[in-house]
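Asker: In case you want the letters, here they are:
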Amino acid sequence: MTWSRIREDFPILNKKVNGKRIVYLDSTATTQKPRQVIDAIVNYYENVNANVHRSVYRLGDEATEAYEGSRKKVADFIGARTEEIVFTRNTTESLNLLSYSLEGTLKQGDKILITSMEHHSNILPWMRLERKGIKLEYVGFDDEGLLDMEDFKRKLTKDVKIVSVTHESNVLGTINPVEEIGKMAKENSSIFIVDAAQSVPHMPFRVNEYYDFVAFSGHKMLGPMGIGVLYGKYDFLDRMEPFNRGGEMIKDVDFHSVVFEDPPLKFEAGTPNVEGAVGLAAAIDYLKSIGMENVRAHEKTLTSMAMKGIDSLKNVIYYGPRDPEKRGGVIAFNVNSGMKIKRSLERENVRVDSLYHSHDIATFLDGYNVYVRSGHHCAEPLARTLGITGTARASFYVYNDEEDVRAFLEALGGIDVHR
Amino acid sequence: MYTDEIMDRYENPVKYGRMDKYDMKIDQASTTCGDKIILYVKLDGNRISDMTWEGEGCILSVVSTDMFCENSIGKEIGEVAGEDEGKYVEDFPISISAGRLSCVLLPLRALKRGIKEK
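Chains A and B supply the protein sequences, listed in that same order. Each residue of the first sequence is one higher than the one before, counting from 26 in my numbering. Each residue of the second sequence is one higher than the one before, counting from 743 in my numbering.
Don't take each hint at face value.
Claimed, not checked - Heads up, incomplete: computed chain B residues facing chain A, CB under 10 Å, no partners named:
#1 Y744
#2 E798
#3 G799
#4 L802
#5 V804
#6 G841
#7 C845
Calculated from the structure, these hints are not laboratory results. Treat the numbers as computed from the prediction; the structure is a model and nothing was measured. Each residue gets a CB set at the ideal place from its N, CA and C atoms; glycine is no exception.
Chain A with its partners taken away, still in its complex shape (with noise of 0.2 Å):
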């Protein structure tokens, strides 16, 4: 595989900036796009676009058969069948689809378990649900990172009715046994969710029979924004309340009654995002190209090269596991300042320390076209779990290489003194 030829396949990234190449290493907040992807959205509309599932002229047809080729393409993708995948604007849409389609099974005094290290977007949607008396509870993690296992034994009581995990945290980049996770959720008869996001763009993925619901992103994967993807195991997703009611997701309606379409369906109201399909179809046809082992396996040479080059660093922190098998290509960080500030706000789970603001080592690092994010990473317990405000962070994709980790460390190096 050659790497450096795939950066030439994302026009964004022969951009230049004061004249000099970019570093893009904020693929876990979204990824660039290949001229592929933005070939497919263009034809689409050129081509292709009318309204689906409801024309019965030539061009509906063919705009039908473009969004259901799609959604096969990714239900092919997953190991997953057609029917079981159904489209939605993101992984925030997925989890908030299940939020409410499941609620009507959940009574007062029942528990949902999630983790500590939750992306927002798989917390808030669970959080709704505590005005209703329902427990949201989280499993801890240790200090590098890793899921407390036997703290995830211990709550899994038989009271639990919903175990929603994350695949692979966005800040510390660990990748949980999710089929482990998962044999143990449905051996105690709980419905379990995988929070894909960040490992489906990233690893072979297959869904099994563990797995209830698996969200994930386009965005995320070198697809179009406001394209996601819920899968569901066809039998949930068949009696499950629908989402959103409109148009498209009828088969009947009366004055006063309605016959839901089948899933998927059922689930996708109104006019879908069918150009956002088709160039998600486009990315997995990209990513197919290179092969999902070899983007795991690359992006495990490039952690593995960045880690080694941080702990050279005297100053720079980072967070998750050390063995590059356990973690994806995302690495948070922190720069210590060496500065005997004293600044500290009594304010709980908060250590005040000299470390540099995220936001300081971003803006830093911008000045060498190096793009890093910085904040807390939509994952608020989970900086509160490490006792910091925030984060940089670090991560990798397919159109990274070694010259950008090189870019990357030397930049981060000029920060790495203390004054």
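With chain A's structure known, arrange chain B on it following the hints.
Answerer: Frame of chain A, contents of chain B only:
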């Protein structure tokens, strides 16, 4: 990245500290980045006779807040709070990228809100 002037003030702010007898205490937490800064204002009529701050934040919010406190002393509170955001950013000693504007504007926005809620 930042000038020595900025870094010096970050390390040695001149208006840092809690005020015991204040006329206004404004608790403004920035929602996106965990910065937490509290402003204390002492008034003499409508005039600011002293302003201090405490808390934690990034270099830009700390420096901006410290300068804001120092520069506001002796001025009318309405005039200070009424300052245009664009002008405030323009007057800041270094140029700021769009993504960091809220860091620099933190103290001005805090005072604006404090007055509104008073």
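Asker: Would you pick out the hints that fail for this structure and give their numbers low to high?
Answerer: Result: no hint breaks.
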